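Chains A and B supply the protein sequences, listed in that same order. The first sequence begins at 2 in the numbering used here and counts up by one. The second sequence begins at 89 in the numbering used here and counts up by one.
Treat each hint with caution, since some may be false.
Claimed, not checked - With a Cα cut of at most 30 Å, we get these calculated DSS-like pairs of lysine-lysine:
| id | chain 1 | residue 1 | chain 2 | residue 2 |
| --- | --- | --- | --- | --- |
| 1 | A | Lys80 | B | Lys267 |
| 2 | B | Lys267 | A | Lys162 |
| 3 | A | Lys150 | A | Lys162 |
| 4 | B | Lys264 | A | Lys162 |
| 5 | B | Lys264 | A | Lys80 |
| 6 | B | Lys331 | B | Lys235 |
| 7 | B | Lys235 | A | Lys150 |
| 8 | A | Lys150 | B | Lys284 |
| 9 | A | Lys283 | A | Lys259 |
| 10 | A | Lys79 | B | Lys284 |
FYI, nobody ran anything at the bench for these hints, they're computed from the structure. None of the values given here were measured: they were computed from a predicted structure.
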Amino acid sequence: MAIILNHVGYIYEKGTAMETCALKDVNLVIPDGQFIGLIGHTGSGKSTLVQLLNGLEQPDSGNVYYNGEDIHEADYDKKALRSRVGLVFQYPEHQLFEMDVFSDVCFGPKNMGLNRKECELRAYTALKQVGVEDEYFYQSPFDLSGGQKRRVAIAGVLAMKPEVLILDEPTAGLDPRGRDDILNLIASIRKETGITIILVSHSMEDVARYVERIIVMNQGEVMYDDTPAKVFAHAQELEQVGLAAPQVTYILKKLEKKGIPVKTDAITVEEARDAILQVLRKG
Amino acid sequence: MLREITLGQYYQTDSVIHRLDPRVKLVATMLFIASLFIVDNWIGYLLGGGFLFGIIKLSKVPFRFMVKGMKSLAMLLLIALIFNLFLTPGEPLLSFWGLSITKEGVIQASMMTIRLVFLIIGSSIMTLTTTPNHLTDGLEKLLSPLKIFHVPVHETAMMMSIALRFIPILLEETDKIMKAQMARGADFESGSLIRKVRAMVPLLVPLFLSAFRRANDLAMAMEARCYRGGEHRTKMKPLVYRKEDRIAYLILVVYLTASICLGRIFL
Chain A
2 MAIILNHVGY IYEKGTAMET CALKDVNLVI PDGQFIGLIG HTGSGKSTLV QLLNGLEQPD
62 SGNVYYNGED IHEADYDKKA LRSRVGLVFQ YPEHQLFEMD VFSDVCFGPK NMGLNRKECE
122 LRAYTALKQV GVEDEYFYQS PFDLSGGQKR RVAIAGVLAM KPEVLILDEP TAGLDPRGRD
182 DILNLIASIR KETGITIILV SHSMEDVARY VERIIVMNQG EVMYDDTPAK VFAHAQELEQ
242 VGLAAPQVTY ILKKLEKKGI PVKTDAITVE EARDAILQVL RKG
Chain B
89 MLREITLGQY YQTDSVIHRL DPRVKLVATM LFIASLFIVD NWIGYLLGGG FLFGIIKLSK
149 VPFRFMVKGM KSLAMLLLIA LIFNLFLTPG EPLLSFWGLS ITKEGVIQAS MMTIRLVFLI
209 IGSSIMTLTT TPNHLTDGLE KLLSPLKIFH VPVHETAMMM SIALRFIPIL LEETDKIMKA
269 QMARGADFES GSLIRKVRAM VPLLVPLFLS AFRRANDLAM AMEARCYRGG EHRTKMKPLV
329 YRKEDRIAYL ILVVYLTASI CLGRIFL
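Only chain A is shown next, with the shape it has when bound in the complex (with noise of 0.2 Å):
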């Protein structure tokens, strides 16, 4: 059970002169229960590839696979599987439309059939697990604060339970306060749920901490695919491709070089620390 890309190719503006390449043989296997950070420069491809995923850009060439099933199939149930591969995308402002956040977050389960009852009961657990308090229920979504928005709008789609959730860059655009607030969040959705996770981002500060795998696109190809730490052993080729490692890889690089005998592969300040203790511990 798991999603599989396979020789997945995508071409933009197809049979034009802006005809640009977006994907190129792009393979990928995602199973169950992954949290996984999709990372790459803006026209990377990576936000076509989630597009992919839940059926609503059909690739050129190749095949998309769910739970065994080819999503392009022409039988395939597109607006089912959109329900369980759940995409929240980059700006809430694209999706908020009700009078109040409420119904809002309503709309998704409406949509798939679910009586009154069921789709409230859903809605009241989403904007809980989102941490969004009672009192900003009955306002207008178009009143909150950026962040709040964001939460309302992941609301939105968890209201769906989907089993695979996509976060298309949810920290873009928030302060640093928001910016953990909202990776907190998701890394305790997961938590809850244990449902497959894979956010997207084109800074690797941000999902280093979190994710268990990371995937970096490059130019419509996959470039790495591998845990956090054995991508960003690879400082130097991230750089030439305008990302870059989390700032204590270099620093402990940094050390290293310096002759002192330092664990390189720490990705969060906590474990550069560990590191260096170690050390000077030894030492």
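Mind docking chain B on chain A? Use the hints.
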């Protein structure tokens, strides 16, 4: 799905037609359309077709691209064709169900269709080869004599260029909003008409809000740069006629004279 609308969208490439002064293209388009309504025989249409063909070749815009854009107007053409075919009185050729196709109807319908097709292609060449900014620049310059009568030419041109500038942005935004709502299970295609209209609400509300937000931001940004309208405003790239533009005018005069002479008077 919305990216498929190509009618009148600027096609980026480098050609003689692309480099022409927008005023030339505006005048040429108007005169070409006028010529289509002046002529009323086959030679005139042949001449118009030849002229159009030459321009298409010169513009380096693939013909396929133009035809793709015309698909959306196929329905309109079909209706015009059918009305002319059946409703023109004259010598009947074929009749059924109380309707009859007349000889005059066939001629009228085919001429009308050719006229409309030429008209659409002709005017889309203008927008295909001219950026919206250039187009409004040209329009502003052409209409500037009207300023004497206190017609707000500059303001109108500015509004037009802003409106045109926002079309692709709003189209892209519509695409994104549609996708965001489809990801939540929205269905824009199936169901009865009433259901379809109701399904538009989740699309239109975010779209309108975003349009207002953008307009507001733009107004603020323009004010921050001390924009105050047309008085004493100079252009960064003023429009100046060059040699090619004069040649183009000459060709245009020759074409117009020929189409009046051949298409109307002598035959």
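Going through the hints against the structure:
Taking the CA atoms of Lys80 (chain A) and Lys267 (chain B), the gap is near 12 Å; set against the 30 Å cutoff, the hint holds. A distance of roughly 19 Å separates the Cα atoms of Lys267 (chain B) and Lys162 (chain A); the hinted pair therefore holds under the 30 Å criterion. Only pairs whose Cα atoms come within 30 Å are accepted, and Lys150 (chain A) paired with Lys162 (chain A) is accepted, the gap being roughly 19 Å. Under the criterion of a C-alpha separation no larger than 30 Å, the hint pairing Lys264 (chain B) with Lys162 (chain A) is consistent with the structure, at around 22 Å.
A threshold of 30 Å between alpha carbons decides the hint, and for Lys264 (chain B) with Lys80 (chain A) the separation of about 17 Å falls inside it, so the pair holds. For the hint pairing Lys331 (chain B) with Lys235 (chain B), the CA-to-CA distance comes to about 28 Å; that is within 30 Å, so the pair holds. Our distance criterion of 30 Å between C-alpha atoms is broken by Lys235 (chain B) and Lys150 (chain A), whose separation comes to about 48 Å. A threshold of 30 Å between alpha carbons decides the hint, and for Lys150 (chain A) with Lys284 (chain B) the separation of about 27 Å falls inside it, so the pair holds.
This hinted pair checks out: Lys283 (chain A) and Lys259 (chain A) have alpha carbons roughly 17 Å apart, not beyond 30 Å. A distance of roughly 18 Å separates the Cα atoms of Lys79 (chain A) and Lys284 (chain B); the hinted pair therefore holds under the 30 Å criterion.
Comparing the model with each numbered hint stated earlier shows that hint 7 is the single one that does not hold.
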